[in-house]
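Same order as they appear, the protein sequences are chains V and W.
Just so you know, we're using my numbering here: the first sequence kicks off at 496 and counts up by one.
Just so you know, we're using my numbering here: the second sequence kicks off at 496 and counts up by one.
A hint or two may mislead.
Remember, identical chains collapse to one label, so a pair may be satisfied in a single copy or spanning two.
Stated by the list, open to error - With a cut-off of at most 25 Å between alpha-carbon atoms, the simulated SDA-like pairs for lysine to any residue come out as follows:
(1) K517 with Y685
(2) K503 with K628
(3) K668 with I534
(4) K542 with G674
(5) K517 with K692
(6) K539 with L615
No lab work stands behind these hints: they were computed from the structure.
Every value quoted in this text rests on a predicted model; they were computed, and no experiment measured them.
2 protein chains.
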Amino acid sequence: MYPKTIRKLIEIFSKFPGIGQKTATRFVFYLLKQKKEDIEEFSKFLKDLKEKVKFCKFCFKPFEGEKQLCEICQNPARDLTKICIVEKEQDLEAIENAQIFNGLYFVLGGPISSISKEELEKLRVKELFERIKSPEKFGVFGNFKEIILALNPTVTGEAISIYLEKKLKKLGKKITRLGKGLPSGGELEYADEETLKSAFEGRK
Amino acid sequence: MYPKTIRKLIEIFSKFPGIGQKTATRFVFYLLKQKKEDIEEFSKFLKDLKEKVKFCKFCFKPFEGEKQLCEICQNPARDLTKICIVEKEQDLEAIENAQIFNGLYFVLGGPISSISKEELEKLRVKELFERIKSPEKFGVFGNFKEIILALNPTVTGEAISIYLEKKLKKLGKKITRLGKGLPSGGELEYADEETLKSAFEGRK
Numbered sequence: 496m497y498p499k500t501i502r503k504l505i506e507i508f509s510k511f512p513g514i515g516q517k518t519a520t521r522f523v524f525y526l527l528k529q530k531k532e533d534i535e536e537f538s539k540f541l542k543d544l545k546e547k548v549k550f551c552k553f554c555f556k557p558f559e560g561e562k563q564l565c566e567i568c569q570n571p572a573r574d575l576t577k578i579c580i581v582e583k584e585q586d587l588e589a590i591e592n593a594q595i596f597n598g599l600y601f602v603l604g605g606p607i608s609s610i611s612k613e614e615l616e617k618l619r620v621k622e623l624f625e626r627i628k629s630p631e632k633f634g635v636f637g638n639f640k641e642i643i644l645a646l647n648p649t650v651t652g653e654a655i656s657i658y659l660e661k662k663l664k665k666l667g668k669k670i671t672r673l674g675k676g677l678p679s680g681g682e683l684e685y686a687d688e689e690t691l692k693s694a695f696e697g698r699k
Numbered sequence: 496m497y498p499k500t501i502r503k504l505i506e507i508f509s510k511f512p513g514i515g516q517k518t519a520t521r522f523v524f525y526l527l528k529q530k531k532e533d534i535e536e537f538s539k540f541l542k543d544l545k546e547k548v549k550f551c552k553f554c555f556k557p558f559e560g561e562k563q564l565c566e567i568c569q570n571p572a573r574d575l576t577k578i579c580i581v582e583k584e585q586d587l588e589a590i591e592n593a594q595i596f597n598g599l600y601f602v603l604g605g606p607i608s609s610i611s612k613e614e615l616e617k618l619r620v621k622e623l624f625e626r627i628k629s630p631e632k633f634g635v636f637g638n639f640k641e642i643i644l645a646l647n648p649t650v651t652g653e654a655i656s657i658y659l660e661k662k663l664k665k666l667g668k669k670i671t672r673l674g675k676g677l678p679s680g681g682e683l684e685y686a687d688e689e690t691l692k693s694a695f696e697g698r699k
C-alpha cells in the first residue's frame with residue numbers, strides 16, 4: 496500500500512475533471528520526482544489561490560488586489576454602455592485576448608452541463624439582473640444600452656441564451672448574440688481570434 | 496490576463512505528464528471552486544510529499560516513518576532469497592496488491608522511454624548490483640538465490656531485461672523473468688491480479 500500522503504494526493508487528483516485513478520497516481524509520482532523548492536512553490540500558490548484571488552464584485556472575474564473591482568471594471572477607458580455575458584472565466588479571457596471588445600463583462604458561472612432547474616439555479620441570473628439594473632450599487636457607473644449574450648454555441652448555451660433573452664427583454668435594452676463565425680457545436684474558449692472577431696462583428 | 500496566482504498554477508499544471516494548457520486551466524478553475532479547507536489540505540499534503548515521504552534505503556520504495564527501510568524490507572516474514580526488480584513504484588504496488596510474491600523488491604527507476612545511453616543512466620543499475628552483492632550494507636540480511644526481472648513487457652522493458660540479464664549473469668544467481676500471461680505490448684501496472692498471478696507462476 497502506498498504511504499498515506501501519496502494515497503491522499505491520489506484521492507485528491509482523482510477528483511480533478513477528467514482524471515482517473517491511474518493518471519492521478521502518475522501525477523503524484525511525477526511530483527515526487529520534482530525538486531523540493533518547486534513543490535513548496537506549488538503548495539504556496541495553491542494557498543494563494545484561496546487567499547489572494549478574489550472575485551470582482553461587479554462581474555465575478557477572478558483578480559488579485561486590494562480593491563473590490565477587477566482591473567476591467569475599474570478601467571475608466573472601458574465602454575460602460577455595453578455588457579458582455581459569458582459562461583465562464585476562460586471565455587472572458589479568450590475575448591479579452593482577442594482585443595475586440597471594450598465594454599464590461601459578466602461571468603454567469605459554469606460550465607453547466609444541462610438546462611435542468613438545478614443547473615440553471617447555479618447560474619448568477621439574479622446577480623446579472625441586479626447589475627444591469629443598478630450597476631452603481633456594485634461600484635460601476637455604467638449605463639448599459641446593449642447586452643451581448645456571448646454564451647457557447649452549444650445546445651445548452653443556446654438554451655440559456657433564449658432563457659436569458661426572454662427575461663432580459665423586460666429591461667428594454669438592445670440584446671445581441673455572437674453571430675457569424677462561431678462554428679456550431681464548438682466551444683468559445685477554443686475559438687481563434689479571427690473567429691471571435693467575426694463573431695463580434697456579426698452580432699445581431 | 497489571469498491574475499498571477501492563476502497564471503502560475505496553470506504553468507505548473509501544464510508540466511504535468513500529458514497535460515496541456517487548456518486542461519491545466521480547467522484544473523485551476525476547478526480548484527478555485529473548491530472549499531478553502533480542501534485547498535489547504537491539498538497544499539499540506541503536497542508539502543508532506545517532500546517532507547514525510549522517503550525512499551527505502553534498500554529497495555527505493557517510497558514510504559513514511561522514522562526508519563531507513565520500508566515496511567517490506569523491514570518485515571521478517573519476507574523471503575530473503577528472492578528479489579524482484581521492477582521499473583517503477585506503481586509496478587511494485589500492483590504486485591503487492593495481487594499478494595503473489597513474498598520476497599523483496601528493487602525499484603529500478605523509470606518510466607524510461609528509450610534505451611539510449613542517457614536514459615539507461617537514469618536507472619539504478621549500480622545500486623542494484625551493490626544491493627544484490629552486499630544487502631547487509633543496506634540493512635537487509637538477504638541471501639538472494641533468485642533475481643526476478645519484472646519489467647514491463649514492452650520493447651524498452653525487454654531490452655532492459657536483456658541488458659540486465661547479461662550483467663547479472665556474472666553474479667551466478669538464478670535469473671527469471673515474468674512469463675506467461677502478460678499480454679505483449681501491455682503495461683505491468685494495468686495487469687489484473689489473475690494475469691499477474693499466472694505471470695508469476697509461469698516465470699522461467
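### Task
Provide an ascending list of the numbers of those earlier hints which the structure does not satisfy.
Hints 2, 3, 4 and 6 are the ones this structure does not satisfy, whereas the remaining hints hold.
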